Amino acid sequence: MNELKVERAVIEVNGGCNYTCQMCPQTDPGRHKGFLKKMPLDLFEEIVAQCAEKGLRVVNLEGSGEPTLARNLPKYIEIVRKYGANADIFSNGFKFEKGFAQDCIDAGLSRFRVSVIGYNREQYIKWMDRDAFDKIKQNMKEALEYIQLTKAECQICSYHLITDNDQVDYEVEQYRKNFIDELGIKSEIWKMHNWSGVYENPNTREGGVKTCGRPFAPELTVRAGGLDGKLASIAPCCQTLGRDEEAILGYMSENTLEEVWFGEEYEKLREGHRTGNYPSYCKDCDFLVDDPEVLVYTNYDRAVHKLAGTTFSLDDYRK
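Positions 5 to 323 (my numbering) are the ones given, in order, by the sequence shown.
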């Protein structure tokens with residue numbers, strides 16, 4: 005870790021969310037109010053600029069909050085493109101519609117990945133607590149039409165979770181029939197995970213436990229908010245949602261990227277992953293389990309853990 009390299013930065017634009025999904029810690033146990041803030045545009049650019057000096061290729065503008073709640077989201081996308089990186093968004097897609105969606109695409113959005121949990125209207129309502137299955141599908145159809153019309157280099161794709169491990173084949177079939185194949189988009193369907201141990205582990209741990217590789221990989225996760233009025237807290241990864249307060253490695257509002265990256269807390273995290281003495285916010289996480297069965301369907305042609313827009317796979321750093 006003597007070299008500081010950041011190919012991928014997950015920089016949360018907004019910490020709050022407009023959904024109350026069953027499987028998300030934003031809903032239960034809820035998020036500390038200090039993490040429900042919006043990332044100031046000037047601080048966002050400062051972070052992107054520092055990462056750009058270290059090999060930045062892609063910026064994800066979500067983290068754990070819903071980015072489309074930031075009405076000036078196109079401005080954030082423009083900043084990412086200004087520094088030569090791809091701008092990706094992971095979203096529930098509810099507000100990604102009409103002129104707002106078009107403005108994001110025009111600003112240079114590279115990839116919009118929509119989260120759809122529940123393979124039909126009834127299941128979507130159950131898991132995402134909103135009657136919006138058809139609306140989301142229509143939003144994505146309109147975005148795809150606009151991309152085709154303008155010849156924009158933007159990809160629409162989707163992300164789904166299996167809600168019943170005893171019906172994996174059926175749910176994959178229904179997700180494909182009702183959403184993926186209908187839209188003709190790239191997609192992934194995964195088994196549920198437990199957000200760094202926030203929830204009881206729904207999957208077996210028979211694959212053995214070893215580092216996920218993230219503490220050693222060339223990527224950075226930045227929350228919008230923090231504690232004690234501070235902003236831009238550095239987290240080990242996005243999975244620590246629900247345990248944000250435990251997992252602060254430093255603040256970009258207070259320190260430089262180098263100071264945080266080579267700082268005491270980040271090194272404690274890496275040492276825990278080297279030795280298997282994982283920090284409290286990591287030790288029960290599903291991502292430490294080497295289980296190839298958790299991805300149950302994908303039509304991507306890339307390696308499973310090859311992060312979009314980067315040259316590396318997390319498997320390269322699993323020791």
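Some hints here could point you the wrong way.
Unchecked claim - Label-pair ranges, simulated between beta-carbon atoms:
1) D138 x P44: 34 to 40 angstroms
2) N124 x Q152: 23 to 29 angstroms
3) G188 x E258: 35 to 41 angstroms
4) D46 x T279: 26 to 32 angstroms
5) N259 x V213: 28 to 34 angstroms
6) D295 x Q152: 23 to 29 angstroms
7) E258 x K37: 43 to 49 angstroms
8) K79 x D168: 24 to 30 angstroms
9) R125 x K37: 28 to 34 angstroms
10) P33 x E275: 26 to 32 angstroms
11) Q26 x S317: 27 to 33 angstroms
Claimed, not checked - DSS-like, lysine-lysine: derived pairs with alpha carbons at most 27 angstroms apart:
12) K9 x K99
13) K42 x K234
14) K145 x K195
15) K139 x K155
16) K86 x K99
17) K9 x K195
18) K37 x K9
19) K190 x K272
20) K195 x K155
21) K130 x K190
22) K145 x K181
23) K102 x K141
24) K58 x K99
25) K323 x K9
26) K214 x K234
27) K272 x K287
28) K145 x K155
29) K145 x K214
30) K323 x K310
31) K141 x K86
32) K79 x K181
33) K86 x K155
34) K195 x K86
35) K287 x K195
Just so you know, the hints here were simulated from the structure itself, not pulled from any lab data. Model, not experiment: these values are computed from the prediction. Beta carbons: idealized from backbone N, C-alpha and C, even for Gly.
Hint by hint, here is what the structure shows:
1. D138 x P44: 34 to 40 angstroms: Taking Cβ atoms as reference, D138 and P44 lie about 36 angstroms apart, which means the hint holds.
2. N124 x Q152: 23 to 29 angstroms: With a Cβ separation near 27 angstroms, N124 and Q152 satisfy 23 to 29 angstroms, so the hint holds.
3. G188 x E258: 35 to 41 angstroms: violated (46 angstroms)
4. D46 x T279: 26 to 32 angstroms: About 39 angstroms separates the Cβ atoms of D46 and T279, which means 26 to 32 angstroms is violated.
5. N259 x V213: 28 to 34 angstroms: At roughly 32 angstroms between Cβ atoms, V213 and N259 fall inside 28 to 34 angstroms, so the hint holds.
6. D295 x Q152: 23 to 29 angstroms: violated (38 angstroms)
7. E258 x K37: 43 to 49 angstroms: Hint violated: Cβ distance 19 angstroms, outside 43 to 49 angstroms.
8. K79 x D168: 24 to 30 angstroms: Given a distance of about 41 angstroms, which is not inside 24 to 30 angstroms, the answer is violated.
9. R125 x K37: 28 to 34 angstroms: Taking Cβ atoms as reference, R125 and K37 lie about 33 angstroms apart, which means the hint holds.
10. P33 x E275: 26 to 32 angstroms: holds (28 angstroms)
11. Q26 x S317: 27 to 33 angstroms: holds (31 angstroms)
12. K9 x K99: Distance of about 34 angstroms is beyond 27 angstroms: violated.
13. K42 x K234: Measuring from Cα to Cα gives roughly 12 angstroms; hence the hint holds.
14. K145 x K195: Between K145 and K195 the Cα gap is close to 26 angstroms, so the pair holds against 27 angstroms.
15. K139 x K155: holds (24 angstroms)
16. K86 x K99: holds (25 angstroms)
17. K9 x K195: violated (31 angstroms)
18. K37 x K9: violated (31 angstroms)
19. K190 x K272: The given pair, whose Cα atoms are some 37 angstroms apart, is violated under the 27 angstroms limit.
20. K195 x K155: violated (34 angstroms)
21. K130 x K190: This hinted pair holds, its Cα atoms lying about 24 angstroms apart.
22. K145 x K181: holds (15 angstroms)
23. K102 x K141: Given pair K102, K141 holds - Cα atoms ~13 angstroms apart, limit 27 angstroms.
24. K58 x K99: Violated, at about 33 angstroms.
25. K323 x K9: Within the cut-off at roughly 19 angstroms; holds.
26. K214 x K234: violated (33 angstroms)
27. K272 x K287: The given pair, whose Cα atoms are some 14 angstroms apart, holds under the 27 angstroms limit.
28. K145 x K155: holds (15 angstroms)
29. K145 x K214: Not OK: K145 and K214 at ~40 angstroms, beyond 27 angstroms, violated.
30. K323 x K310: Distance ~16 angstroms between K323 and K310 Cα, so the pair holds.
31. K141 x K86: violated (31 angstroms)
32. K79 x K181: The hint is violated at about 36 angstroms.
33. K86 x K155: OK: K86 and K155 at ~20 angstroms, within 27 angstroms.
34. K195 x K86: violated (37 angstroms)
35. K287 x K195: It holds: about 19 angstroms lies between the C-alpha atoms, which stays within 27 angstroms.
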